Amino acid sequence: MAALLGRSCRKLGFLSSGHGARRSVSTETGKSLNLYSAINQALHIALDSDPRSYVFGEDVGFGGVFRCTTGLAERFGKNRVFNTPLCEQGIVGFGIGLAAMGNRAIVEIQFADYIYPAFDQIVNEAAKFRYRSGNQFNCGGLTIRAPYGAVGHGGHYHSQSPEAFFCHVPGIKVVIPRSPREAKGLLLSCIRDPNPVVFFEPKWLYRQAVEEVPEHDYMIPLSEAEVIREGNDITLVGWGAQLTIMEQACLEAEKEGISCELIDLKTLLPWDKETVEASVKKTGRLLISHEAPITGGFGAEISATILERCFLKLEAPVTRVCGLDTPFPLVFEPFYMPTKNKILDAIKTTVNY
Amino acid sequence: MALSRLSSRSNGIARPFSAAFNRFISTDTTPITIETSLPFTAHLCDPPSRSVESSSQELLDFFRTMALMRRMEIAADSLYKAKLIRGFCHLYDGQEAVAIGMEAAITKKDAIITAYRDHCIFLGRGGSLHEVFSELMGRQAGCSKGKGGSMHFYKKDSSFYGGHGIVGAQVPLGCGVAFAQKYNKEEAVTFALYGDGAANQGQLFEALNISALWDLPAILVCENNHYGMGTAEWRAAKSPSYYKRGDYVPGLKVDGMDAFAVKQACKFAKDHALEKGPIILEMDTYRYHGHSMSDPGSTYRTRDEISGVRQERDPIERIKKLVLSHDLATEKELKDMEKEIRKEVDDAIAKAKDCPMPEPSELFTNVYVKGFGTESFGPDRKEVKAALP
Chain A
1 MAALLGRSCR
11 KLGFLSSGHG
21 ARRSVSTETG
31 KSLNLYSAIN
41 QALHIALDSD
51 PRSYVFGEDV
61 GFGGVFRCTT
71 GLAERFGKNR
81 VFNTPLCEQG
91 IVGFGIGLAA
101 MGNRAIVEIQ
111 FADYIYPAFD
121 QIVNEAAKFR
131 YRSGNQFNCG
141 GLTIRAPYGA
151 VGHGGHYHSQ
161 SPEAFFCHVP
171 GIKVVIPRSP
181 REAKGLLLSC
191 IRDPNPVVFF
201 EPKWLYRQAV
211 EEVPEHDYMI
221 PLSEAEVIRE
231 GNDITLVGWG
241 AQLTIMEQAC
251 LEAEKEGISC
261 ELIDLKTLLP
271 WDKETVEASV
281 KKTGRLLISH
291 EAPITGGFGA
301 EISATILERC
311 FLKLEAPVTR
321 VCGLDTPFPL
331 VFEPFYMPTK
341 NKILDAIKTT
351 VNY
Chain B
1 MALSRLSSRS
11 NGIARPFSAA
21 FNRFISTDTT
31 PITIETSLPF
41 TAHLCDPPSR
51 SVESSSQELL
61 DFFRTMALMR
71 RMEIAADSLY
81 KAKLIRGFCH
91 LYDGQEAVAI
101 GMEAAITKKD
111 AIITAYRDHC
121 IFLGRGGSLH
131 EVFSELMGRQ
141 AGCSKGKGGS
151 MHFYKKDSSF
161 YGGHGIVGAQ
171 VPLGCGVAFA
181 QKYNKEEAVT
191 FALYGDGAAN
201 QGQLFEALNI
211 SALWDLPAIL
221 VCENNHYGMG
231 TAEWRAAKSP
241 SYYKRGDYVP
251 GLKVDGMDAF
261 AVKQACKFAK
271 DHALEKGPII
281 LEMDTYRYHG
291 HSMSDPGSTY
301 RTRDEISGVR
311 QERDPIERIK
321 KLVLSHDLAT
331 EKELKDMEKE
341 IRKEVDDAIA
351 KAKDCPMPEP
361 SELFTNVYVK
371 GFGTESFGPD
381 RKEVKAALP
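Residue numbers (UniProt numbering), protein chains in the order written: chain A, 1 to 353; chain B, 1 to 389.
Just chain A, with the same shape it has in the complex (with noise of 0.2 Å):
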């Protein structure tokens, strides 16, 4: 029953982006497109616009098991758009080398739960290639694209959100587009990043999330938050496919009187502190929610710096609402979940605190 309701929330279509002062693109027209459609649109421009940019990861030549990568192979050949075979430590490692040589190397990697293999070519290799060589050689056009999060059927090993293990690494970028317009302005500009960056798409929206998107290349900038609703009462920060959750749980709260301000971080490193500040001195409330477990969540660094940013503003302290501290449940997923009933009453106890 919870499922269903998880379910039918996230496919209420999804977030308007809010403020037009930040970039014309949220007040363009576009195409309809749905989350994978805008990502293949993002690629196949990164690839007509750069000659030494590839794509290449298991099962991509085909268009990739979410489609992703549909038409690429055909349109820019067989050199460029390849399969590998199934190995995620020397498909990152690859891309590495690659991309160390003045490439763009974007990696695929098939669910965001088999990268770590590839953990440590991430953490050891590419984060470390610039500063260790005292800047001689970079990886800085390694784009690794994952697809993570519930899916509502996916299991310990198709549902997991392992950004936090990725933002505590200096020398990468990890971002999370929430929405299809989102998704490939951010994905093209993580491409076109001088940084190796980890690209988590939120697999749930692959399909469920429809947009109108810009056919032109455009970019959105990283790490700039970006303030989706605003509100008075209390800030909501979070990221990919949570914030269609939150949104909801908005809208319930303002049927009850309280004005929540609700802001998506895209980029979770570096990651914006001056917008979230901003926020929560206004205020003087904020909550955090993500599906990874609780416990040395993202959610944490968030709450520690805006603890030390803005104590003497806080009424209440930050709130966190999250995944549970278990692995991933098959059949308890409804209850795992950070669902709009847990992020509500987290928003009326933080506000009658």
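No lab work stands behind these hints: they were computed from the structure.
Treat the hints with care, as some may be off.
Stated by the list, open to error - Result set (DSS-like, lysine-lysine): computed pairs, CA atoms no more than 30 Å apart in a straight line:
no.: 1; chain 1: B; residue 1: K145; chain 2: A; residue 2: K342
no.: 2; chain 1: A; residue 1: K342; chain 2: B; residue 2: K83
no.: 3; chain 1: B; residue 1: K370; chain 2: A; residue 2: K342
Since the model is a prediction, treat every value here as computed from it, not as a measurement.
Start from chain A and add chain B according to the hints.
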């Protein structure tokens, strides 16, 4: 229950169909020698003989168990489509000969560890249909208490170490189990199964090197069904001769659709592993279904190929022909057996459907050892929702 009647020798009660089975009750102990379909191809060792010792009892057992495995997988297919099984479901139909041949050559003290295509291996290790369907549907009576699902079947008392989702990760584990067996002087071996996709994982070669260095009784079995999800082996591997990939480790290539070839190879491998150390077995097999229930299985291979294998190499058909040619049963008797099996599977499904889901508190159990006592919070952080037991 129907099946146990077949192996009971004399129960003194004349029943309508056991009368028909009378003749092979008396031929139970008759040894039969069967020639494998193909010779073995060896790497750095002498291949075993093509003549396999068996008995009429074993032949019928093979037929019955493989037919049961086949029916179980087909039933799982329907249950998945009816949304009673959620998550992922990887079916083994077509590969039954590997599970059954291996079991025939070893004991329950020997360990088996495999990837996620584990329903039939679990059954071979002595698991019951009820446990299988309960686990698939996420019920309490499942072998992993409903917390694992299709990919995570385990059976400790039969040394079945599961049931693993991450490709290739189970092989170093298997080598560790083999180390423990050697250390404890158990005179047992470990079969670490993996697929042609996993054969390109680095951790496999790390595990192989360690096993060879320390002469561990580890047998690495590559169940080569020629497709790693949708990628054909020639597109993923420079050398698809997986039995040779061990380089300094001997290997054997086996027709994985011939249960007797598998049995012979596993017996040979066990003797080798106990004496000399690791060996690789490559089972040349085939799966009829796609990689999982989300994969139709026809976008990367032709329907002709699938039906061709079904006609020429189906493992159950092969056993059926042997049973008939050795006059152990008539066509009709075998059909009756299949009907009983169908009923047994349907009964198990019905029983599993009645089983309750795990209690919500089970979400928190077994994260750590019992009594560790970490807290897990509810939404408001003040009320402790649960202490991890």
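Each hint tested on the structure:
Between B/K145 and A/K342, the direct Cα distance comes to roughly 27 Å. Compliance with the 30 Å bound is thereby established for this hinted pair. Proposed proximity of A/K342 and B/K83 is supported: the alpha carbons are some 28 Å apart, at most 30 Å. This hinted pair checks out: B/K370 and A/K342 have alpha carbons roughly 27 Å apart, not beyond 30 Å.
This entry satisfies every hint, going by the numbered hints stated previously.
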